[in-house]
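Student: As given, the protein sequences belong to chains H and G, one line each in that order. Here the first sequence stands for residues 2 to 276, numbered as in this note's numbering. Here the second sequence stands for residues 39 to 430, numbered as in this note's numbering.
To be clear, the hints were calculated from the coordinates, so they are not data collected in a lab. Heads up, a few of these hints could be off.
To be verified - Listed below are the simulated EDC-like cross-link pairs for lysine to aspartate or glutamate, each with C-alpha atoms no more than 16 Å apart in a straight line:
1. K112/G x E274/H
2. K354/G x E368/G
3. K158/G x E14/H
4. K22/H x D140/G
5. K248/G x E270/G
6. K112/G x D8/H
7. K29/H x E145/G
8. K159/G x E14/H
9. K118/G x E44/G
10. K29/H x D179/G
11. K27/H x D140/G
12. K291/G x D331/G
13. K21/H x E145/G
14. K88/G x D204/G
15. K291/G x E339/G
16. K97/H x E269/H
17. K354/G x E339/G
18. K25/H x E145/G
19. K401/G x E339/G
20. K264/G x D82/G
21. K25/H x D140/G
22. K25/H x D179/G
23. K380/G x D406/G
24. K354/G x D331/G
25. K22/H x E378/G
26. K21/H x D140/G
27. K53/G x E14/H
28. K352/G x E392/G
29. K112/G x D4/H
30. K380/G x E245/G
31. K291/G x E362/G
32. K158/G x D202/G
33. K112/G x E132/G
34. K29/H x D140/G
35. K248/G x E265/G
36. K112/G x E269/H
37. K97/H x D406/G
38. K304/G x D370/G
39. K352/G x D391/G
As the structure is a computational prediction, the values presented were derived from the model and not from experiment.
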Amino acid sequence: MRDRLSDLLLHRELLYNMTKKELKVKYKRSALGFVWSFMTPIIMLAVFGLVFALLVKNNMSWFAVYLMSGLLPWLFFVNTLMQSVGSVVGNPGLVKKVYFPREVLPLAAVGANIFHFFLQMMVFFVFLLIIQWQFSPWLAMFPVVFLLEVMFVTGLALLISAANVYLRDVQHFVELATMAWFWLNPIVYPVGLLQDKFPKYMPIYLLNPMANIILYWQYIIYNPYHYAHNVGAPGSSAVYISDKAMLYTALISFGVLVLGYWFFTKTERGFAEQI
Amino acid sequence: MAYAVEISDVSKMFKLYHENVRSLKEKVLFFGRRGYEEFWALNDINIQVKEGETLGIIGANGSGKSTLLKCITKILYPTKGRIVTNGSIAALLELGAGFQPDLTGRENIYLNASILGFSKKEVDRRFDDIVGFAELERFIDNHVRNYSSGMFIRLGFAIAINVDPDILMIDEVLAVGDEAFQRKCLDRIDEIQASGKTIIFVTHNVELTKEICTSVVMLESGNIVKEGNPREVVAYYHQSMETTQEGAERGTKQIQVTGVGFLDDKGNVSTNFHTGQQMIVRVHYNAEVPVEDPVFGFSIEDYRGFTAFGTNTKLKGVSLGTLEGEGIVEFDLQSLPILEGKYFVSLAIHSQDEQLVYHWLDKHASFDIASDTSDIGLLYIPCNVNVFPGGK
Chain H
2 MRDRLSDLLL HRELLYNMTK KELKVKYKRS ALGFVWSFMT PIIMLAVFGL
52 VFALLVKNNM SWFAVYLMSG LLPWLFFVNT LMQSVGSVVG NPGLVKKVYF
102 PREVLPLAAV GANIFHFFLQ MMVFFVFLLI IQWQFSPWLA MFPVVFLLEV
152 MFVTGLALLI SAANVYLRDV QHFVELATMA WFWLNPIVYP VGLLQDKFPK
202 YMPIYLLNPM ANIILYWQYI IYNPYHYAHN VGAPGSSAVY ISDKAMLYTA
252 LISFGVLVLG YWFFTKTERG FAEQI
Chain G
39 MAYAVEISDV SKMFKLYHEN VRSLKEKVLF FGRRGYEEFW ALNDINIQVK
89 EGETLGIIGA NGSGKSTLLK CITKILYPTK GRIVTNGSIA ALLELGAGFQ
139 PDLTGRENIY LNASILGFSK KEVDRRFDDI VGFAELERFI DNHVRNYSSG
189 MFIRLGFAIA INVDPDILMI DEVLAVGDEA FQRKCLDRID EIQASGKTII
239 FVTHNVELTK EICTSVVMLE SGNIVKEGNP REVVAYYHQS METTQEGAER
289 GTKQIQVTGV GFLDDKGNVS TNFHTGQQMI VRVHYNAEVP VEDPVFGFSI
339 EDYRGFTAFG TNTKLKGVSL GTLEGEGIVE FDLQSLPILE GKYFVSLAIH
389 SQDEQLVYHW LDKHASFDIA SDTSDIGLLY IPCNVNVFPG GK
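Working from the sequences, and respecting the hints, build out all of it.
Tutor: Structure below.
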């Protein structure tokens, strides 16, 4: 493992170049270029905002901010998985003909999406500044929450990109699974709704690391305790933090990263033969 | 002694499935029922490549050359055995592998070099060399998708050959570009050799290995059948190519060739002749039953299969009558006006109308021609040079 990591370190420039390539190639020959990067979140904001703020009354103040603080990290998660799952299979020319640490391929997908995520976050924060959002001091935890999500998504990216070489079903499975997974996270509904209606199921609900990570994002960006004291319907809270769940999420994220890397390096030897 | 590459007892097995199953449904359906055939592409290969050596790997198609190279570069992993390499490796297995059509030539140079494991700094230093070598100064900021195939390949080659690896692996890629570019590549290889770098070189162009390799390994169905001095191995290669694909024999054998010999002008049996010498092709035959008026023929071919000369008794207006038992037919070639090289002789005995082949031996025997002249080509045509300064 240590050899592998030092080999990866040796190829850090390749990782950088591949990430750059992913970014450059994605919007090559398109007139709007990086503007497309903002299209999905804006459209989703419009749709969900319409449905959940107007049709399904939810009484939350600044629902748009709540939605975006959970939606952007979620899109980062999904887009990374979708881009990385085919990253090895989609580069037969490289995998069969040249040696380099193969993990560079999914990692470059992660890197490119980190870039998009920051770009979107920047626009989001500019928007928050314009509306004179009162930021909570918890915002200082941005890097920690970000790291947590990156660990989790990188682990999964390594796992699925390697598995997809041997079983192409993975690609289709990921597509469907993320669609369902979306609703298991408190993005378009507040977690308090669940707490009120199904308190028994809360522990199971929080087994999903992504739900926790989304909650942290909302806590550091939206944080109604800090911003507005009268949030939501009585009893339903928009944020939820528990120490136990936090420890669990940190352990799981790190565990998935190690597992993903281990699985990738173990199966990597057969890549050239399988593609 | 430091080895650049040390290959110890390496074997590589591929599983040949009848159909590649890649979806879950198929995996479940066929679970436990699908067997595979084992195919051993390499068997117990042992090679040590010393630092600074240039090793050639030759062999017929499917002999395992490319598999071996891929194992050395860690694209494939050997089923058994191990490979230790010392130093950075750049592999030219396929030129331009990993080029991004939507990036410019400049961007692709940096990307490709980093795939090969070289840093931006190293590339910066050699950037102009690479572009100059590829002869792409004018097009370097154009998208690679607009490049011609020749430009594409030149750029790929220029990158790999200019990034200065400790070990350079080349698989059958020297045959690209026009002659001038090939010459340039060979010159560059000379330079790399002179700087003490190690090169491993896979090719079908065996004559080239004689020119640039310090030693050659010949593979045959995954085994090393010959290694060492390039000249000897290449000679062996030519020989074995003859015996495996040629040397074919057919016919009814009512009358057959039992032996063939080449006699020089002094009547001695030999396989070494020189340009312009006399040669007698002596054919021993044996007819088990009486054969009426057969035709004896022979032809001389060079190693490419090009027929230099051929004739038979019918063309020469010689009738042999009915033959029975043993005997000899001789073709007396008064002069061999052919240049240096190895030549093969095919023999045939057939009926007058050629409908019935009694015995046909394809490239049955061979002889070598030595030459005092350095003329090139197949034929020796005596030539004098007259010079008239100022005109005649």
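Student: Hint by hint, say whether it matches the structure.
Tutor: Hints, verified against the model:
no., hint, verdict
1, K112/G x E274/H, "holds (12 Å)"
2, K354/G x E368/G, "holds (12 Å)"
3, K158/G x E14/H, "holds (8 Å)"
4, K22/H x D140/G, "holds (9 Å)"
5, K248/G x E270/G, "holds (9 Å)"
6, K112/G x D8/H, "holds (13 Å)"
7, K29/H x E145/G, "holds (13 Å)"
8, K159/G x E14/H, "holds (11 Å)"
9, K118/G x E44/G, "holds (14 Å)"
10, K29/H x D179/G, "holds (15 Å)"
11, K27/H x D140/G, "holds (10 Å)"
12, K291/G x D331/G, "holds (15 Å)"
13, K21/H x E145/G, "holds (10 Å)"
14, K88/G x D204/G, "holds (12 Å)"
15, K291/G x E339/G, "violated (24 Å)"
16, K97/H x E269/H, "holds (12 Å)"
17, K354/G x E339/G, "violated (20 Å)"
18, K25/H x E145/G, "holds (10 Å)"
19, K401/G x E339/G, "holds (8 Å)"
20, K264/G x D82/G, "holds (14 Å)"
21, K25/H x D140/G, "holds (8 Å)"
22, K25/H x D179/G, "holds (15 Å)"
23, K380/G x D406/G, "holds (5 Å)"
24, K354/G x D331/G, "holds (14 Å)"
25, K22/H x E378/G, "violated (55 Å)"
26, K21/H x D140/G, "holds (13 Å)"
27, K53/G x E14/H, "violated (35 Å)"
28, K352/G x E392/G, "holds (11 Å)"
29, K112/G x D4/H, "holds (14 Å)"
30, K380/G x E245/G, "holds (13 Å)"
31, K291/G x E362/G, "holds (13 Å)"
32, K158/G x D202/G, "holds (13 Å)"
33, K112/G x E132/G, "holds (15 Å)"
34, K29/H x D140/G, "holds (7 Å)"
35, K248/G x E265/G, "holds (13 Å)"
36, K112/G x E269/H, "holds (11 Å)"
37, K97/H x D406/G, "violated (43 Å)"
38, K304/G x D370/G, "holds (13 Å)"
39, K352/G x D391/G, "holds (10 Å)"
Hints 15, 17, 25, 27, 37 from the list above are not met by this structure, while the remaining hints are.
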